[in-house]
Amino acid sequence: MSLRQAPELWVDTEQFQRLLAACQQHGHPPTEVCPTCQDLLSEAVALARGEFMAGFTLPDSPDFDDWQRYEREGLRRELAGALERLARLMGRNAEKNIEQAIAYARRWLSLDPLHEPAHRLLMQLYAQCGQRQAAFQQYHECARVLEADLGVAPSEETTILHERIRSGALVPAPERTPPIAAKAPAHNLPVSPTPFIGRQEEQGEIFSRLAGTGCRLLTVIGPGGMGKTRLAIEAARQLAEQGAFADGAYMVGLAPVSSPSFLLTSIMEALSFQQQGSAEPLSQLLDFLRAKEMLLVLDNLEHLLEGTDLLVQILDSSPGIKLLVTSRERLALRAETVFPLEGLSFPPSVKEVDVEQWSAVQLFVHSAQRVERTFQLTEESAPWVTRICQLVQGMPLAIELAAAWVRALPHKEIAQEIVQDLDFLSSAMRDVPERHRSVRAVFEHSWRMLSEEERRVYRKLAVFRGGFRREGAQQVAGASPPILSSLVDKSFLRCGPGGRYGRHTLLWQYANEKLTQSPEERSRAQAAHGEYYAAFLARRETRLQGREQKETLEQLGAELENVRVAWQWMVAQGQSTLLDHALKALADFYAYTGLLQEGEAMMARALDHFEVAAPEKDVTRLLARLRAEQARFLTRQARYEEGIAAAQAAIEHAHATQDAESEGAALLRWGQALVYIGQYQPALERLQQALALARSARSRPAEAGALLTLGLAHYHRGDYAQTRSHFERALQLYRGMGNRRGEGVVLSELAGLLQYEGNYAEAKPYSEQALAIAEELGNLPTVGEALLDLGNIAVDQGYCLEARARYEQALAIFRQVGERRGESIVLVNLGLTSIFLGDYTRAKQILDTVLELTRATGDRRIEGIVLLNLSHLARHLGQDKLTQDYLAQAWEIQSAIKNRRSEALVRAYLGLFAYHQGEYETALAHCEQSIAVAREHGDRHIEAYSLNHLGHTLLAMRQPEEAITAYEAALALRRDLGQLPLAMEVLAGLARAALVQEDLPRARQVVETILVFLEGRRLDGSDEPLRIYLTCYRVLKAVEDARAQVILGAAYQLSQEQATRISDSVLQRSFLENVPAHREIVVAWQALKS
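Sequential numbering of the sequence shown, starting at 1, is according to the working numbering.
Keep in mind the hints are simulated off the structure, nothing from the lab. Mixed in with the good hints, there may be bad ones.
[Said to hold, decoys possible] Below 16 Å or equal to it, Euclidean Cα-Cα: the simulated EDC-like pairs (lysine to aspartate or glutamate) are: (1) K550 with E776; (2) K514 with E453; (3) K292 with D247; (4) K764 with D247; (5) K1037 with E1073; (6) K514 with E444; (7) K490 with E444; (8) K490 with E541; (9) K351 with E380.
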């Protein structure tokens, strides 16, 4: 059994999954949701009104039952995910959306009452809005259903959340009078004069570990100034106040203790323990602690590590004692759980809007207000405060020291001083310990704890940027594995899960100062660093073209900061041989990841040096390669004339050295630029030369690239057979090499070709494959291309909301990577989609922007399409003269570039305009020529478009039979293409033809089909949606159907809604009065109501 697609068929599950799919590519984790996709998700969950095919079954059909069950469970999982995302989004703005958040969360829970994450989210939401009793009831309900159905208790995570809500730790609890008999928790924890900001997650984790049974010794480690002491105090206070330890929590401050021999005495003093009799103090202390349930906080233990045997004895003899230690170095004890502490959270970008949600910014603001009472974050200061927090990587001490300068310096200068001078971060506060009065003092204290060999290695490691791996550290700095391990243990380095080492930015700054003090050592380290990364890049050149591409791109991305520094050193030192080795892999990395502007800048830096600073050197081959790569980056940024000039210079250098490889690369870039500016024949000549050189050199990557670009050239000429042939050969080569990136690019281009041919069913899987490959590789340009293709497919089939979402995702990516041509194409399509959605003001803004952009870049083909879309907009607004002007400009461009597909499209628009002007012979000629060209090139979409316009024209010429023939041909194409909204437009034409023939039964039959469609779908994508409504009204009125008034009302309402979205009052009036269908709707409605 199967379901046959028909124009009137609308399937809710397909729409549900389509809406969810449109939310998957927004650049954020799939468990989150952004405002852009909120509307799509809300619409999707609204469609789910019950179980899948509830109440329907087939007798004696177990296979059907299995299928139905699997489908039901899949849809249930998708619905649960959407509801969770909506609930979490609404919960972020609890003041406005808390009721909606709770409603979504409850609906999520109703899908599976045993799902603890849903219970926990509801508990959090209730607590957020002060409904603590409801949160407690939710917890008890969770416990009840788990016990009843599974015989288990709530998980530890759920119980801890319940305890945090009960204690008021999750959100501020309402004030209440404590019971008279309440006993204050026992502790000696100091009260800080400043509030505790941030660290909620870390505090909660420490609470969870020490309140549980699996951890008795927890060491918070990190560099000095990271806030270890404050976090330990607040975590201990929470544990004490919540009764986790019957005998309280006690802090032992060890910073002033000079010897491990005094560790025992310090603990005794903190506990106010008085020695009795002559027994050994240790045995007396152990006897005292043996029966206690107590937390000991040992603060600043790093210089007393030889005394840690005492901690082992306490843990062995006293089962109720737990230890919370702060140290710059791990203790290396078996019982130890290491808790590395990094900086407070800070905004990843200075462009972040809501910066006060980040704890580092909160601390800066509060610290600044202590010295400058009126200090407030402003639109001007927020980016600089963010920058300061980034520079110190959220280090609390550094933030407080920087904030103290707001009285004396502008925020910009504070940031600049931090970069220039570590001593800037200092304080004269009398109540601050000497070791914390400056960042330098903190680091000097730690530096003295290193051996001479550790100091030597750490100085040389300062030449690395953004981290490094063991192999690089060993080759550049002579760092052995034991030395690296020791530096990690002492908080000078941190080792990530992938074996990559990093360190705090300010520690790097400190080490770099130390290295600078030894010029010879610095020079040797820089040379070793540059040579290492030149070889690193050279080894990866061929890997970028084959099956190791993904891993190689990841490796290069991780080392990019080091590669930048190494490249700059190579250029500055005139290391032409090293640059020649490193060039290809680096350029490919920049091109594949979309870092086009940086790639072009790196090429320009080297060219400036060798063409100006070192013209006497024999570096002609390197210059040819640099110019060819520069041409690639310039062309990708739509700087076509500059790209052509760079390619020509590369060819000149290549001829001088008989470098066929560089000549071929330059010819490829030259041809590519010529394609984009509409010079197709010269482009084909250059590309054929590039292909011949690639084949002569037996270079499969170069051959595949030439074939792909030749396919694009033929595509833009409208020669789809040649396009397909070249694309398929390129795809074969890329797959043979295992080049996933190349495969994804070709699949995306094939999808575009299939979409233009109207083969949407084939095009979509190609786009989805391209998208999956590009996302896997982090290839942002192809991600953007695939999203663009998926948007095109959606808009052609009338799913304009989905298309808009796809386009907006693609636009963000193209802008991020600097792909100006991709940005132009997306803007063109966004403008057209806005027209289809009736958002004419936005459409005008977008199309005006992209017209300026394409004229600046010289992309004549896209400029012509922009002008066509502007003519479309002007016609919708009743601006006939402007429509004509835009069409004339578009035809002028088409005549110059001779793009056959563009000719078919321009003629289709010219035919429609001539029809509306009553110039039927002209319209007839344009439509017939458009149809001929479209059929010649297999473009069924344009063919159907022009057939519909031909039907309009023939009907106006009183040739209804011929009009019906044209309409039926158009309808067959629209149905075959799955373009249902556009099929409604053709059906409306058939209904008008039936009216002309006075065949009312036929007219009514056709209109009934349209009305069925309108019950479940919008007319997005149709050229004249209001005219479709008007046709339905005319037919229903002619047959005296009572629904005529309803349809007229819907048409009038839609016209008014679209009119109110037009900000210009003159254009608004033109829309309602100058478009015949719009005017007739308004007049008919007013007559009905008068």
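Here is how each hint holds up against the structure:
Among the hinted pairs, K550 with E776 is consistent with the structure: their alpha-carbon atoms are about 7 Å apart, no more than 16 Å. Between K514 and E453 the alpha-carbon distance is near 14 Å, which keeps this suggested pair within the 16 Å criterion. Restraint check: the Cα-Cα separation between K292 and D247 comes to about 6 Å, which is no more than 16 Å; the hinted pair holds. A threshold of 16 Å between alpha carbons decides the hint, and for K764 with D247 the separation of about 67 Å lies outside it, so the pair is violated.
Proposed proximity of K1037 and E1073 is contradicted: the alpha carbons are some 22 Å apart, above 16 Å. The suggested pairing of K514 with E444 holds, with an alpha-carbon distance near 11 Å, which does not exceed 16 Å. Using a Cα cut-off of 16 Å, the hinted pair K490 and E444 holds, with the two alpha carbons roughly 13 Å apart. The hinted pair formed by K490 and E541 fails the criterion: a straight-line CA distance of about 38 Å is larger than 16 Å.
Only pairs whose Cα atoms come within 16 Å are accepted, and K351 paired with E380 is accepted, the gap being roughly 11 Å.
The structure fails to meet hints 4, 5, 8 from the earlier list, while all remaining hints are met.
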